[in-house]
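Chains as they are written, first to last, in the working numbering: chain A, 1 to 225; chain B, 1 to 225.
Wrong hints could be hidden among the right ones.
Partner residues are not named here, just some residues of chain A that face chain B (Cβ under 7 Å, in silico) [said to hold, decoys possible]:
| # | residue |
| --- | --- |
| 1 | Gly42 |
| 2 | Thr119 |
| 3 | Asp142 |
| 4 | Cys184 |
| 5 | Leu199 |
| 6 | Tyr213 |
Mimicking EDC-like on lysine to aspartate or glutamate, the simulated pairs with C-alpha atoms at most 16 Å apart in a straight line are [said to hold, decoys possible]:
| # | chain 1 | residue 1 | chain 2 | residue 2 |
| --- | --- | --- | --- | --- |
| 7 | A | Lys203 | B | Asp175 |
| 8 | B | Lys75 | B | Asp46 |
| 9 | A | Lys75 | A | Asp46 |
| 10 | B | Lys203 | A | Asp46 |
| 11 | B | Lys203 | A | Asp116 |
| 12 | A | Lys203 | B | Asp46 |
| 13 | B | Lys203 | A | Glu178 |
| 14 | A | Lys75 | A | Asp116 |
| 15 | B | Lys203 | A | Glu177 |
| 16 | A | Lys203 | B | Asp179 |
| 17 | A | Lys203 | B | Asp116 |
| 18 | A | Lys203 | B | Glu176 |
| 19 | B | Lys75 | B | Asp116 |
| 20 | B | Lys203 | A | Asp179 |
Please keep in mind that the hints were generated in silico from the structure rather than gathered at the bench. As the structure is a prediction and not an experimental result, all values here were calculated from the model. We put the beta carbon where it would ideally sit given N, CA and C, even for glycine.
Number of protein chains: 2
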Amino acid sequence: MPENTPTAPSPRTSVRRLPARARYDRETLEAILDEGLVCHIGFVADGQPFVIPTTYARVGGQLYLHGSAASRMLKALAQGIPVCVTVTLLDGLVLARSAFHHSMNYRSAVVLGVADAVTDPAEKAAALTAIVEHVVPGRSRDARAGSARELAQTLVLRLALTEASAKVRTGPPLDEEEDLGLACWAGVIPLQLTPLGPLPDPKLAAGVPPPAYVSAYRRPSRPAR
Amino acid sequence: MPENTPTAPSPRTSVRRLPARARYDRETLEAILDEGLVCHIGFVADGQPFVIPTTYARVGGQLYLHGSAASRMLKALAQGIPVCVTVTLLDGLVLARSAFHHSMNYRSAVVLGVADAVTDPAEKAAALTAIVEHVVPGRSRDARAGSARELAQTLVLRLALTEASAKVRTGPPLDEEEDLGLACWAGVIPLQLTPLGPLPDPKLAAGVPPPAYVSAYRRPSRPAR
Numbered sequence: 001m002p003e004n005t006p007t008a009p010s011p012r013t014s015v016r017r018l019p020a021r022a023r024y025d026r027e028t029l030e031a032i033l034d035e036g037l038v039c040h041i042g043f044v045a046d047g048q049p050f051v052i053p054t055t056y057a058r059v060g061g062q063l064y065l066h067g068s069a070a071s072r073m074l075k076a077l078a079q080g081i082p083v084c085v086t087v088t089l090l091d092g093l094v095l096a097r098s099a100f101h102h103s104m105n106y107r108s109a110v111v112l113g114v115a116d117a118v119t120d121p122a123e124k125a126a127a128l129t130a131i132v133e134h135v136v137p138g139r140s141r142d143a144r145a146g147s148a149r150e151l152a153q154t155l156v157l158r159l160a161l162t163e164a165s166a167k168v169r170t171g172p173p174l175d176e177e178e179d180l181g182l183a184c185w186a187g188v189i190p191l192q193l194t195p196l197g198p199l200p201d202p203k204l205a206a207g208v209p210p211p212a213y214v215s216a217y218r219r220p221s222r223p224a225r
Numbered sequence: 001m002p003e004n005t006p007t008a009p010s011p012r013t014s015v016r017r018l019p020a021r022a023r024y025d026r027e028t029l030e031a032i033l034d035e036g037l038v039c040h041i042g043f044v045a046d047g048q049p050f051v052i053p054t055t056y057a058r059v060g061g062q063l064y065l066h067g068s069a070a071s072r073m074l075k076a077l078a079q080g081i082p083v084c085v086t087v088t089l090l091d092g093l094v095l096a097r098s099a100f101h102h103s104m105n106y107r108s109a110v111v112l113g114v115a116d117a118v119t120d121p122a123e124k125a126a127a128l129t130a131i132v133e134h135v136v137p138g139r140s141r142d143a144r145a146g147s148a149r150e151l152a153q154t155l156v157l158r159l160a161l162t163e164a165s166a167k168v169r170t171g172p173p174l175d176e177e178e179d180l181g182l183a184c185w186a187g188v189i190p191l192q193l194t195p196l197g198p199l200p201d202p203k204l205a206a207g208v209p210p211p212a213y214v215s216a217y218r219r220p221s222r223p224a225r
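Bound-form chain A, shown alone:
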């Protein structure tokens, strides 16, 4: 799928609950995937769904996942079983006057499909670099690149962003008209994933300062609502 083509909803990714919150445009989907650090991978083994957190990176119209070549989950996914990858960004707590209308402001992306193992060495190396860069932009210039042995120990999976949707809630609470007069505070507590001061490795050699991509680390700014 060309990268700028809007993602058309399939019957499976069409948002049915609160469809006004659905977003099917490519830009929204990519912004969520690019800001998130952790995805939740859903897969089925012996009839039981499992949901496992891991990191990832998006490169064009592909999502890359990685892990140990010994991972049960990754080996199962590499067999070509259906997978769901969900990324959720929590932007705020919505306090309505009624308990019923309490909500959250969030942006979430859901990608369905079948992953396959990346076997081409160049694509595999590029995917691993992309994952490091996704989490800490600038880092791959400084870190020692993977050795042949490390690459062999790592399984990289690719999932095309062909069947995906996003869901977004923003803004203030939506109370019933008759509740607006209640003497109860209502509004939003915005939430942001914030870096604290970096903690040097106790084994760090003396005189190695944190680079700017560490000391000034931040994720893309979120709408403060």
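Put chain B on the given structure of chain A with help from the hints.
Using the frame of chain A, we list chain B on its own:
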């Protein structure tokens, strides 16, 4: 299951990858569930796994989920299909000297089982109060409680914490001995979900200040590592 009984790993919740990170004690499990705001629910429909974010609350040895009585997902879960509920707290980014040993500090909880619908009106009301209190402690005193009509529009599910495990990574990067001399910064960027200043609802009546549970909102402090 008595609340202080350790959660014994079942064959399905036994952590196989990096088993040193596994935690099966009740205290760790409950602390993760109680700090998290969003869980990811995994379920299967027509052979396809889906992973959907939502909020929840723990009460004793039960996890409560809720949503619209019209929700496809909740109605499917109420039929008694296998479910996986995962809560992940991201505590930091671990920057090793080698790309290969980059990691994340996190705490995650995975709960497997079959949910059932809460039909007892008192348990249902208590579960909804618990969800409001889980997200914003103190809020349920101020918010208008659900009406009979609102309760009827809400489906509440209960999932026992009988088959669950946690996984925790803390601490600095673990580099290869031969990489320790590299002139590359290594350490941890701690991350914390931080509240920004509350945003009053534009429709808020004049002279209603934010209560302390809003202006001083915070989640349980995380270990800064």
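Tell me the hint numbers this structure goes against, listed in increasing order.
Violated: hints 2, 6, 10, 11, 12, 17.
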